[in-house]
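Residue numbers (UniProt numbering), protein chains in the order written: chain A, 1 to 455; chain B, 1 to 455.
What the hints contain is simulated information worked out from the structure, not anything from laboratory work.
Wrong hints could be hidden among the right ones.
Treat identical chains as interchangeable: a pair holds within one or across any two.
Using 20 angstroms as the maximum straight-line C-alpha spacing, the simulated EDC-like pairs for lysine to aspartate or glutamate come out as follows [what the hints assert, rightly or not]:
id : residue 1 : residue 2
1  : 360       : 281
2  : 289       : 7
3  : 359       : 279
4  : 166       : 194
Protein chains: 2
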Amino acid sequence: MKTNQEELETLIELIALHTELYKDNISNIHPYDIAMSLLKLRELNSDEYVKVIKKIPHDLFAEVLSELPDYVQEETADLLSVKKLADIASKMDTDDAATLIQNISEENEEISQHILKTFNDEDKELIEQLIAYEEDEAGSYMQAELFSANITEHIGTAIKRLKYLKESGEVDNIWHVHLVNDKKKYIGSIGLEDLIIFEHELKFEDISLDKHRTFFVNHKTDIKDVVDMVTNYNLTSVPVVDNYGRLIGRITSDDIYDIIQETATEQIFNLAGVNDEAEQEENMFEIGKTRAIWLGLNLLTAIAASIVIGLFDTTIQSLVALAILMPIVASMGGNAGTQTLTVTVRQMALGDIEGADAKKTIIKEVLISLANGFIFATLIGIVSYFWFNIPMLGLVIAISMIINLVSAGFFGSIIPLVLQKAGVDPAIGSTVLLTTITDIVGFFSFLGLATLILL
Amino acid sequence: MKTNQEELETLIELIALHTELYKDNISNIHPYDIAMSLLKLRELNSDEYVKVIKKIPHDLFAEVLSELPDYVQEETADLLSVKKLADIASKMDTDDAATLIQNISEENEEISQHILKTFNDEDKELIEQLIAYEEDEAGSYMQAELFSANITEHIGTAIKRLKYLKESGEVDNIWHVHLVNDKKKYIGSIGLEDLIIFEHELKFEDISLDKHRTFFVNHKTDIKDVVDMVTNYNLTSVPVVDNYGRLIGRITSDDIYDIIQETATEQIFNLAGVNDEAEQEENMFEIGKTRAIWLGLNLLTAIAASIVIGLFDTTIQSLVALAILMPIVASMGGNAGTQTLTVTVRQMALGDIEGADAKKTIIKEVLISLANGFIFATLIGIVSYFWFNIPMLGLVIAISMIINLVSAGFFGSIIPLVLQKAGVDPAIGSTVLLTTITDIVGFFSFLGLATLILL
Numbered sequence: 001m002k003t004n005q006e007e008l009e010t011l012i013e014l015i016a017l018h019t020e021l022y023k024d025n026i027s028n029i030h031p032y033d034i035a036m037s038l039l040k041l042r043e044l045n046s047d048e049y050v051k052v053i054k055k056i057p058h059d060l061f062a063e064v065l066s067e068l069p070d071y072v073q074e075e076t077a078d079l080l081s082v083k084k085l086a087d088i089a090s091k092m093d094t095d096d097a098a099t100l101i102q103n104i105s106e107e108n109e110e111i112s113q114h115i116l117k118t119f120n121d122e123d124k125e126l127i128e129q130l131i132a133y134e135e136d137e138a139g140s141y142m143q144a145e146l147f148s149a150n151i152t153e154h155i156g157t158a159i160k161r162l163k164y165l166k167e168s169g170e171v172d173n174i175w176h177v178h179l180v181n182d183k184k185k186y187i188g189s190i191g192l193e194d195l196i197i198f199e200h201e202l203k204f205e206d207i208s209l210d211k212h213r214t215f216f217v218n219h220k221t222d223i224k225d226v227v228d229m230v231t232n233y234n235l236t237s238v239p240v241v242d243n244y245g246r247l248i249g250r251i252t253s254d255d256i257y258d259i260i261q262e263t264a265t266e267q268i269f270n271l272a273g274v275n276d277e278a279e280q281e282e283n284m285f286e287i288g289k290t291r292a293i294w295l296g297l298n299l300l301t302a303i304a305a306s307i308v309i310g311l312f313d314t315t316i317q318s319l320v321a322l323a324i325l326m327p328i329v330a331s332m333g334g335n336a337g338t339q340t341l342t343v344t345v346r347q348m349a350l351g352d353i354e355g356a357d358a359k360k361t362i363i364k365e366v367l368i369s370l371a372n373g374f375i376f377a378t379l380i381g382i383v384s385y386f387w388f389n390i391p392m393l394g395l396v397i398a399i400s401m402i403i404n405l406v407s408a409g410f411f412g413s414i415i416p417l418v419l420q421k422a423g424v425d426p427a428i429g430s431t432v433l434l435t436t437i438t439d440i441v442g443f444f445s446f447l448g449l450a451t452l453i454l455l
Numbered sequence: 001m002k003t004n005q006e007e008l009e010t011l012i013e014l015i016a017l018h019t020e021l022y023k024d025n026i027s028n029i030h031p032y033d034i035a036m037s038l039l040k041l042r043e044l045n046s047d048e049y050v051k052v053i054k055k056i057p058h059d060l061f062a063e064v065l066s067e068l069p070d071y072v073q074e075e076t077a078d079l080l081s082v083k084k085l086a087d088i089a090s091k092m093d094t095d096d097a098a099t100l101i102q103n104i105s106e107e108n109e110e111i112s113q114h115i116l117k118t119f120n121d122e123d124k125e126l127i128e129q130l131i132a133y134e135e136d137e138a139g140s141y142m143q144a145e146l147f148s149a150n151i152t153e154h155i156g157t158a159i160k161r162l163k164y165l166k167e168s169g170e171v172d173n174i175w176h177v178h179l180v181n182d183k184k185k186y187i188g189s190i191g192l193e194d195l196i197i198f199e200h201e202l203k204f205e206d207i208s209l210d211k212h213r214t215f216f217v218n219h220k221t222d223i224k225d226v227v228d229m230v231t232n233y234n235l236t237s238v239p240v241v242d243n244y245g246r247l248i249g250r251i252t253s254d255d256i257y258d259i260i261q262e263t264a265t266e267q268i269f270n271l272a273g274v275n276d277e278a279e280q281e282e283n284m285f286e287i288g289k290t291r292a293i294w295l296g297l298n299l300l301t302a303i304a305a306s307i308v309i310g311l312f313d314t315t316i317q318s319l320v321a322l323a324i325l326m327p328i329v330a331s332m333g334g335n336a337g338t339q340t341l342t343v344t345v346r347q348m349a350l351g352d353i354e355g356a357d358a359k360k361t362i363i364k365e366v367l368i369s370l371a372n373g374f375i376f377a378t379l380i381g382i383v384s385y386f387w388f389n390i391p392m393l394g395l396v397i398a399i400s401m402i403i404n405l406v407s408a409g410f411f412g413s414i415i416p417l418v419l420q421k422a423g424v425d426p427a428i429g430s431t432v433l434l435t436t437i438t439d440i441v442g443f444f445s446f447l448g449l450a451t452l453i454l455l
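Produce the entire structure from the sequences given, and follow the hints as far as they go.
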């Protein structure tokens, strides 16, 4: 087991070594690994961390900083000079620079404005546009760096231009040449694998493009639709156009990986009553606060369920077995409902359930719940009978189990479908809504039937 | 609103049109879209579906079938002749052919063996190897089709070879040339964007490769580690080598998209007590059966919680307010615990929590729970006091709320960490385990304290 001090020294040496190797241009180390070492160093000893980051060359730090989480980017406003930050941002891809400047503005709006002013007018305008996009719009994920060519250009000339652009470091990770006309309108793309085999003397317009499937998205398209397009059609990157059809950027596979992960995390968290953005904060107070909001909502619904129980206080008083058994009915309903709800929400997100399938989904879920309802009604009926030796008690709990499981299947599928139709994210709040229903139906049906049949 | 008959006719026309366009080589339609139309047609009228798929040319159907779900691939064993199936499989990429043959073997082992026999020895061996991989091994996701070159080859020769391979349809979606030595050992890769700018007279070994970061995985590597590598280092594809370091395939970005989605779905479903593979079945009985297993487990734990309540039956009899309030404590514990559990499981999956962070995570979660415990203890204490007008009842529920929320935070974080350490998927079963604890702790602390303080 290493002590903290040893780990600290190892990390500092490691980062220094990576930095040296990078300067000598013989590094196989990925900036992501340096970022992870820095993150650990920052936790162990923030003073050493600040010393170390000041020593890393700006072009390397530009790549490393892009890999670090938002809260680390935010605090750089306090750690580095405006001049340094501006130089680092200028060495980033446009999308990463926009993210950095946006993060810095959360900490200190003034500094972010100073950094923006150091850019030339064109880049400044571009970054401001990127920052202005809503976070669910395709534009907020695109980078402006790409390789495009006018359809009247010769292929050989374009390849020479690519060589120059690569050597000057202006473009990287190029998989396609994107073709535009004189008005910059996007026409179509050719993969480098196709480009490489054409004669250099040809012009792009001489090539028949119809064999090359043309996919692109508008900059305002919902990012989830972009993910659907990319994953359904197995694309490596997708060009982004503005409202006039002009090519303004591209979204690449690494962005898609991140968006799929983030969307899934958001869904998992929302179903559990957790906010994904708050959980990324370093500040425990922020995390606790947003969780408390959902717990507060749950408190209200739990009180509502208790009020239902309170309606039957005399029944419970005359037969305490009811108090002992009633959580079983509620718990089974909550669990069966969560199964249905989770499957429905996820299949909707993956596009497996579309509008026309709604009715089919509800019928399927109710039938499954009905079948399982009969199984568990029988089981709990027998258990209750032997436990308390009251035959009708077994019948009461069995009937209420069927009622609650069927309503769990029905509401578990209909809640997300209705929320989606109302334009609300079906993962948010649906669990609380569902368990409120299964609790109330569970307690009401069990205690109500008991009042009718047993007393 | 379209009638089913109209929709049916539209679909058949649409598929026929796509097929014609494809034959004329002027189609911009992606096989995915044809697959989705076929899926709808199959649901509306399976006879028409069978008629239509028999008319689609084999090379197009090879692409379409790869996009269709497993259960549709399985049934093709009954719908098409072995000869047709073999011809279709031979037109697929190796990974898709292996999947198809594997799916057919689930329905009819004999037919799948017949199909395999039609392949030449080399392809047969390859497909058998692919089928033999475990589903969490990198090898089961790779395709054998790639573009490789011996390091002694001239770049110009390699480009000519690529041209030939592309025209003969042997390779597609090529982003890199993968370099090997005489023993087929993998040396490194060059992106086409770099290849395109080198002089054709050079040999690959003349190019300095150290600037080109070399990433590859062993065929037995856990697919989740492959996803981590690809997403952390923003790769478009990753070469796969065997135990001797020989290049045997590659995993591309479209596979990674699918794996990320599937892994997230598996996690969401497991947390809700649902099995992701069973849910993909068409057969409702299979879905209901696997859900029933989890519900059965939940029934046992719910009975355990009821036994705890039963210990305090005389207490409840003397104060029925306890029966009314007790579900609130259990419900809040369950919810707070689910918040913690979900965040911990997901952050572990994303690699945000590693071994050394375990202690930090538990401390963080307990502190958050403690803070929220005090808030909700105060609220429910006041509510209970005014509801039943028993001052000490407010105190009892407040204390048990704090106890249950803190244990929710503790167990919600420690359960997945311990499961992971024991080599068990932390998403499976952890929710049932957790809610058992929060139910029992909730009921026991509340009713126990009530017995001590109120009676």
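**Request:** Could you work out which earlier hints the structure fails to respect and list their numbers in ascending sequence?
**Result:** 2
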